[in-house]
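Between the sequences and the hints, there should be enough to build the whole structure, so can you do that?
Each protein sequence line maps, in turn, to chains A and B.
The letter at position 32 of the first sequence is residue 119 when you use my numbering, and the numbering goes up by one with no holes.
The letter at position 51 of the second sequence is residue 56 when you use my numbering, and the numbering goes up by one with no holes.
Calculated directly from the structure, the hints in this document are not laboratory data.
Be a bit skeptical, because a hint or two may be false.
[As the list claims (entries may be wrong)] As a list, the in silico PhoX-like pairs of lysine-lysine whose alpha-carbon atoms are at most 25 Å apart: (1) B:Lys239 - A:Lys141; (2) B:Lys317 - B:Lys306; (3) A:Lys125 - B:Lys239.
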Amino acid sequence: MSLISVLRVILFFVLAVVVAVVLATLVQTQFNLYELQKLGVEILPADRIDSNLKDLVNFTPLMAIIVLATFICALPVAEGVARILKPWRLVVYFLAGAVGLWVAFQAVNWYAPPPVFIAANRELPGTLSMMAAVGVGSALFGRLVRPRTRRGLRVLG
Amino acid sequence: MINKHKYLLAAVAMAASLGAQAEEYQVEIVARNLEHPWSLAFLPDGRMLVTERAGRLRVIEADGSLREEPVAGVPEVFVQSQAGLFEVALDPEYASNGRLFLSYACGTEAANNTCLASAQLQDNRLVEVDEIFRAQPAKRGGAHYGGRLAFLPDNTLVLGLGDAFIHREEAQNPANHLGSTIRINRDGTVPGNNPFVDSPDAAPELYTLGNRNVQGMVYDTANQRLISHEHGAKGGDEINLLEPGNNYGWPKITYGVDYSGAVISPHTEAEGLEQPILHWTPSIAPAGMTLYDGDMFPEWKGSFLVSALAAKQVRRVVLDGTEEVAQEPLFMELNERMRDVRTAPDGSIYLLTDDPEGKVLRIYRD
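Shown next as structure tokens:
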């Protein structure tokens, strides 16, 4: 593999991590604000924007660590499976990221003193939504690094 | 012979933040090798009772020696993470009825909460043990139990509770005990003048709600008020003036953010929700409190002394009414997580360090 190819994969990896982290962060913000709204707390658009921005600053470092750990473990597995299930490449990558995140959450919750470290994960909808967000990042990576399809006349023999 | 180990003989001179005055004190280790000591009570005969979070109640004899055998008969305690045996407090009429109170985590990992029991101490055994309160609903995990209690002038007791961490929104639900304080009679019955006793949708024991994890509670007799403190998350530790029926806002309003860094609420104040007397952001992790009324340290008389875990100190807080006048860190040179702080009958100050091999320290002045 050439240096250019390696740099290309690294660039796509970083891009996938950024997409996953940002999406997952914004998703968990909406769930936390929704829980407040259920208590009757008024969330004005300015409050929502402010909370999103604060979480993009303060929550993303933790999420980046979790996503990095998830992708380092899950993406090689996804690539291996995707080479067997070629038509399902994007689905395989999506599931690898999503399920990998779920495993990472279990590890965090096992290690951290609180029973559930990230508030949005206390309920299934929040957990599934964050898994989907990271799955999108994972699938994006799978799409960007897919093997090139050979075109044109193929001569047998 | 008094078996007390001199820990630090040299007088410690501290440049007080309140002015030019310097405090001098000495520190003794009264007891050591206690597993996360949590609470201390002074018996009239000179002995002391100290709880270990691991579920043991220990006696420190009048001569200062730690009795080897734990007190028998302690209720079954759920021990995990923050869960365990918490407060020990003597009945206001202990001299005549000999009763004491223990708060503790009860249940299983899957279903537990804070319990309160009343018992009598006979020799080295608890007898007539009676569970008088069990917080509802049972929840999973080993976090946020509150556990401190105080007695009001009418001899009812107020117990601080926690939100279990994973049920923070339930602190706004008056139908249960999560994230609240409760007031009960010493036999566990509900006083007829409790603030929510006539509300069909509220738990009758409820005294206040919107509290996160109350681990400091003192009745200020001189000012006829109940002062508490509670842990915030990352920031937002609070000292509150507890008044019946009040809502202290958690998690609708808070000055802290979640441990993950996430916003808990965009609001720090809202109509109908009480503001704290003061808040600590960043957190100091307040875990115990005494209102110093001794004579040994006259310069601290009337101050609230707050033991802090994360800040590894006792924070002296001076209030004028409900206004914060001054704060001062104490005993930082000990470099210990402080679980509890108590004023002894002789005016010395006792500290409990939060450690698997925790100590009971005595701060005194000759």
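Results of checking the hints against the structure:
A threshold of 25 Å between alpha carbons decides the hint, and for B:Lys239 with A:Lys141 the separation of about 14 Å falls inside it, so the pair holds. Of the pairs offered as hints, the one joining B:Lys317 and B:Lys306 holds, with about 22 Å between alpha carbons and a cut-off of 25 Å not exceeded. With a C-alpha separation of about 23 Å, the suggested pairing of A:Lys125 with B:Lys239 holds against the 25 Å cut-off.
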